[in-house]
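So the sequence lines, in the order shown, correspond to chains A and B.
Read in order, the letters of the first sequence correspond to residues 29 to 477 in the working numbering.
Read in order, the letters of the second sequence correspond to residues 29 to 477 in the working numbering.
Simulated from the structure, these hints should not be mistaken for lab results.
Certain hints may be false.
No copy labels: a pair is met if it fits in one copy or bridges any two.
[As the list claims (entries may be wrong)] Listed below are the simulated BS3-like cross-link pairs for lysine-lysine, each with C-alpha atoms no more than 27 Å apart in a straight line:
| id | residue 1 | residue 2 |
| --- | --- | --- |
| 1 | Lys381 | Lys193 |
| 2 | Lys89 | Lys40 |
| 3 | Lys360 | Lys89 |
| 4 | Lys228 | Lys324 |
| 5 | Lys85 | Lys75 |
| 6 | Lys353 | Lys336 |
| 7 | Lys309 | Lys125 |
| 8 | Lys340 | Lys85 |
| 9 | Lys364 | Lys193 |
| 10 | Lys332 | Lys453 |
| 11 | Lys297 | Lys324 |
| 12 | Lys382 | Lys449 |
| 13 | Lys364 | Lys382 |
| 14 | Lys353 | Lys364 |
| 15 | Lys452 | Lys389 |
| 16 | Lys42 | Lys197 |
Take a look at the letters that make up each chain.
Protein chains: 2
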Amino acid sequence: MTYSKKITATLKQKGLKEGQRIKIGVYEGLLMPSPEITGSPDYLIIKLDNGYNIGIKYTSKTKLEKSNTPEPEAIKQEYLYETMDQHVEKIEQAHSKPPIAILAVGGTIASKVDYKTGAVNAKLTARDLVRMVPELRRIATIKMDTLSEVMSEDMNHVHWQTLAKETAKQLNQGAEGVVITHGTDAMHFSSAALSFMLPKLPKPVVFTGSQRSPDRGSADSSMNLICSVHAAKNDVAEVGICMHAELDDNYCIYSRGTKVRKMHSTLRKAFRPINDYPLAKVWPSGRFQMTNRRVKFRSTEKAKTDTKFEPKVALIKAYPGSEPKLIDYLIKQGYKGIIIEGMALGHVPTQAKKSWIPHVKKAIQSGVPVIVTTQCYYGRVNPDVYTNLRILYYEAEAIPGADMLSETAYVKLGWVLGHVKSMKKVREMMLTNYAGELNARLEPRMFLY
Amino acid sequence: MTYSKKITATLKQKGLKEGQRIKIGVYEGLLMPSPEITGSPDYLIIKLDNGYNIGIKYTSKTKLEKSNTPEPEAIKQEYLYETMDQHVEKIEQAHSKPPIAILAVGGTIASKVDYKTGAVNAKLTARDLVRMVPELRRIATIKMDTLSEVMSEDMNHVHWQTLAKETAKQLNQGAEGVVITHGTDAMHFSSAALSFMLPKLPKPVVFTGSQRSPDRGSADSSMNLICSVHAAKNDVAEVGICMHAELDDNYCIYSRGTKVRKMHSTLRKAFRPINDYPLAKVWPSGRFQMTNRRVKFRSTEKAKTDTKFEPKVALIKAYPGSEPKLIDYLIKQGYKGIIIEGMALGHVPTQAKKSWIPHVKKAIQSGVPVIVTTQCYYGRVNPDVYTNLRILYYEAEAIPGADMLSETAYVKLGWVLGHVKSMKKVREMMLTNYAGELNARLEPRMFLY
Numbered sequence: 029m030t031y032s033k034k035i036t037a038t039l040k041q042k043g044l045k046e047g048q049r050i051k052i053g054v055y056e057g058l059l060m061p062s063p064e065i066t067g068s069p070d071y072l073i074i075k076l077d078n079g080y081n082i083g084i085k086y087t088s089k090t091k092l093e094k095s096n097t098p099e100p101e102a103i104k105q106e107y108l109y110e111t112m113d114q115h116v117e118k119i120e121q122a123h124s125k126p127p128i129a130i131l132a133v134g135g136t137i138a139s140k141v142d143y144k145t146g147a148v149n150a151k152l153t154a155r156d157l158v159r160m161v162p163e164l165r166r167i168a169t170i171k172m173d174t175l176s177e178v179m180s181e182d183m184n185h186v187h188w189q190t191l192a193k194e195t196a197k198q199l200n201q202g203a204e205g206v207v208i209t210h211g212t213d214a215m216h217f218s219s220a221a222l223s224f225m226l227p228k229l230p231k232p233v234v235f236t237g238s239q240r241s242p243d244r245g246s247a248d249s250s251m252n253l254i255c256s257v258h259a260a261k262n263d264v265a266e267v268g269i270c271m272h273a274e275l276d277d278n279y280c281i282y283s284r285g286t287k288v289r290k291m292h293s294t295l296r297k298a299f300r301p302i303n304d305y306p307l308a309k310v311w312p313s314g315r316f317q318m319t320n321r322r323v324k325f326r327s328t329e330k331a332k333t334d335t336k337f338e339p340k341v342a343l344i345k346a347y348p349g350s351e352p353k354l355i356d357y358l359i360k361q362g363y364k365g366i367i368i369e370g371m372a373l374g375h376v377p378t379q380a381k382k383s384w385i386p387h388v389k390k391a392i393q394s395g396v397p398v399i400v401t402t403q404c405y406y407g408r409v410n411p412d413v414y415t416n417l418r419i420l421y422y423e424a425e426a427i428p429g430a431d432m433l434s435e436t437a438y439v440k441l442g443w444v445l446g447h448v449k450s451m452k453k454v455r456e457m458m459l460t461n462y463a464g465e466l467n468a469r470l471e472p473r474m475f476l477y
Numbered sequence: 029m030t031y032s033k034k035i036t037a038t039l040k041q042k043g044l045k046e047g048q049r050i051k052i053g054v055y056e057g058l059l060m061p062s063p064e065i066t067g068s069p070d071y072l073i074i075k076l077d078n079g080y081n082i083g084i085k086y087t088s089k090t091k092l093e094k095s096n097t098p099e100p101e102a103i104k105q106e107y108l109y110e111t112m113d114q115h116v117e118k119i120e121q122a123h124s125k126p127p128i129a130i131l132a133v134g135g136t137i138a139s140k141v142d143y144k145t146g147a148v149n150a151k152l153t154a155r156d157l158v159r160m161v162p163e164l165r166r167i168a169t170i171k172m173d174t175l176s177e178v179m180s181e182d183m184n185h186v187h188w189q190t191l192a193k194e195t196a197k198q199l200n201q202g203a204e205g206v207v208i209t210h211g212t213d214a215m216h217f218s219s220a221a222l223s224f225m226l227p228k229l230p231k232p233v234v235f236t237g238s239q240r241s242p243d244r245g246s247a248d249s250s251m252n253l254i255c256s257v258h259a260a261k262n263d264v265a266e267v268g269i270c271m272h273a274e275l276d277d278n279y280c281i282y283s284r285g286t287k288v289r290k291m292h293s294t295l296r297k298a299f300r301p302i303n304d305y306p307l308a309k310v311w312p313s314g315r316f317q318m319t320n321r322r323v324k325f326r327s328t329e330k331a332k333t334d335t336k337f338e339p340k341v342a343l344i345k346a347y348p349g350s351e352p353k354l355i356d357y358l359i360k361q362g363y364k365g366i367i368i369e370g371m372a373l374g375h376v377p378t379q380a381k382k383s384w385i386p387h388v389k390k391a392i393q394s395g396v397p398v399i400v401t402t403q404c405y406y407g408r409v410n411p412d413v414y415t416n417l418r419i420l421y422y423e424a425e426a427i428p429g430a431d432m433l434s435e436t437a438y439v440k441l442g443w444v445l446g447h448v449k450s451m452k453k454v455r456e457m458m459l460t461n462y463a464g465e466l467n468a469r470l471e472p473r474m475f476l477y
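Chain A extracted, bound-state conformation (with noise of 0.2 Å):
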């Protein structure tokens, strides 16, 4: 998209060009390439000395004019400093540069906003992405790819087989790594999804996102991405999550897939690792210092996928007067494994017409598989400390979900169901560990890491 015919007839005849220093009113700032992040024609997008943009509708009244204010000091020193960056890079980085491949799948790092309402959609591209932040190519041989344009809450298991697939042709193809750029309120959920359905993976796949959008002053999105793409180039070949480990823009974490969570709803360093600790730091440097004793490394395998799945899975919460005949109800739609979040070490309600235990024992012993998660999140579920959980799980027969994310357990078992239906198979495959989900020996440390 192109500025509109009234806006570039007026910036030729003033002489003005993208990228120059122009004044409107009270605003002054760089005038941005094209208002393709704007997604209107008739708005002029600058971008201010603070790092913000801001779009400006064009009307024959708005005063445009070229600026002689000079540039802050700041950026001219940044530019110098680039220049004599780039030379050594020259020699320097000739020959490390490593095929990784970048597939786009939506989310708020591929957002823009509407500067009409102020919301924001998914609408960049992986070319769009990478145009934004120019290191990448210094860092790696990129290949870019769109899969589709989602907000990561409405993902599914179709989305999740197809990303595994496509992750894998890359893989196979001959990328070193696979970088996901992805909506961030779902993503834990799309890394354990893929953490089970990419078995014995030979190499990094590495999700990231933003919790800003791409055209804000505080947008986080350049550094997840520089980070992500050198966690995809180094050793470890897991699939997980890569973004700012702190407020500032120091370093990232890279946590696995099946161990991380999205804690905050805003802050920049919301995705924490959840009883277990990050695979590594990383650095935007390049820099890589692994944080963990358990990890896989980078083989010379093919990628395998596994991507068989029961979709028909709930996860449900039980608390103080929760509703035990949910159970019973998606049992009646169809419904073929259930997770209860339950509370602590796994408990449920247990007294007179509020109890669960009689409703579990009855879906467990029509077939339906029922896996007791803790909605404290950090810690284990531990069915042989208390006499009511011993009822549950010895009696009712749930199935403890030992220390896994409520999340995590849910798409586990989606793929578990996909592979076999028996409920002693089923049990037996949601206590093996696959993907790192399962932790035998939890450390204070990790706990709020």
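Based on these hints, arrange chain B on the given structure of chain A.
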């Protein structure tokens, strides 16, 4: 309960008394006063020098003898120290022991191990608790009452109503504060309930419990109880939860009842403030350091209760692939209000058959309010950022839960619906701050506190 006749006879015959140092085979330690905490008169209970209690079944073959080993050094010193301490206390504390009421409603803190199965049941009374922590008598004039013996997963609105009324009664009969010992699994539901049911509270109401049963060496109950009584003597007049701040026995944090959550299934420092700072840090010595700028102080008002409550409220989760028809089912079952724990900023799936939007819209049109909270827990729901959110909140008219915890929103909606029915009034009350549940200003340091 006392020891069996056989045991009593043997003890008498050998001249052994409770509290004395005895020896059974390789086990040596203090004979515990009575088998009250084990539930069986046939088990001899010995407190080992490492602090653990063990139960040994008494048979005719059991060799029971007096131990001649002197008690370990540490125990002797402790005894001497305490004598001097008591001497000082006699003078100091004669004038400063305000009346504090302790209400026991079950939970691990009132639990004991069944030494036959190894499982734990709630059986101890308030009196037992105070007997186990004699220090309490030195810092306050304790009045005790046992309300029930339920584990917290089985608490419901009727328990909350009884507890609120009993708490107000104690405060109006002269207690300077109330400490409630409670199971930890659902303690934050109960603390939220009392926060709303005791409006304009004039004195502190402090929930506490323990993550380890009090007859275990690693028990946290003593320090939690001591710190809670200190908090109840102090000037911050809020409903809160006072539990271990750290892994070690250093100090406790006292967090607002509407802004706290059990975040770990087993660690002693499991209760963390969410989207808020703790009200205060409390040391076993009585030191009380306020850590929150927004608090309510003690007043001379009478305590009032407002316990009207509509229990037909449900809390469900929305996530990729989730079932929106649960809403229709709950409404058919007579539910009067629904909390959706949505993703991040308050998202629900919006695509095709799995879109939650039409179901939310229908619920609201039929008079059932729907409030959306975030399953991130930290951060807030914000209806203004994404296009999908605008549809949910401005077209379907869901009520954004702001920074309220799901658990708090669930309890609050029950309380609100106990008072008003019209959608307009419900919306107004849900977005009014009654008990610190809404925090206009979230700070990054509150994250993972």
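| said: Regarding Lys309 and Lys125, is the shortest C-alpha distance of 27 Å or less found within a copy, between copies, in both, or in neither? | reply: within (21 Å within a copy, 53 Å between copies)
Exercise. Which holds for Lys452 with Lys389 at a C-alpha limit of 27 Å: within a copy, between copies, both or neither?
Worked result: within (15 Å within a copy, 42 Å between copies)
Is it within a copy, between copies, both, or neither that the alpha carbon of Lys85 lies no farther than 27 Å from that of Lys75?
-> Cα proximity of Lys85 and Lys75: one copy only (15 Å, versus 80 Å across).
When no copy is named, should Lys364 and Lys382 be tagged within, between, both, or neither for a Cα gap of at most 27 Å? both (23 Å within a copy, 17 Å between copies)
message: My question is about Lys297 and Lys324: at a cut-off of 27 Å on alpha-carbon distance, are they close within one copy, between copies, both, or neither?
response: within (25 Å within a copy, 32 Å between copies)
* Identical-chain pair category, Lys89 with Lys40, by Cα at 27 Å -> within (17 Å within a copy, 106 Å between copies)
Within, between, both or neither, where Lys382 and Lys449 count as close if Cα-Cα is 27 Å or less:
Between copies only: 25 Å across chains, 29 Å inside a chain, cut-off 27 Å.
As a check of your reading, is Lys364 near Lys193 (CA-CA no more than 27 Å) within one copy, between copies, both or neither? within (25 Å within a copy, 45 Å between copies)
Review point. At most 27 Å between C-alpha atoms: does Lys42 with Lys197 qualify within a copy, between copies, both, or neither?
Key: For Lys42 and Lys197, neither the intra-copy (50 Å) nor the inter-copy (81 Å) Cα distance is at most 27 Å.
Quiz prompt | Alpha-carbon proximity context of Lys381 and Lys193, limit 27 Å | solution = between (47 Å within a copy, 25 Å between copies)
(request) With 27 Å as the alpha-carbon cut-off, assign the pair Lys353 and Lys336 to within, between, both or neither. (result) Result: close only across copies, 25 Å inter versus 29 Å intra.
Exercise. 27 Å Cα cut-off: does Lys228 pair with Lys324 within a copy, between copies, both or neither?
Worked result: Result: close within a single copy only, 9 Å intra versus 56 Å inter.
Checked against the numbered hints given earlier, the structure breaks hints 3, 8, 16 and satisfies all the rest.
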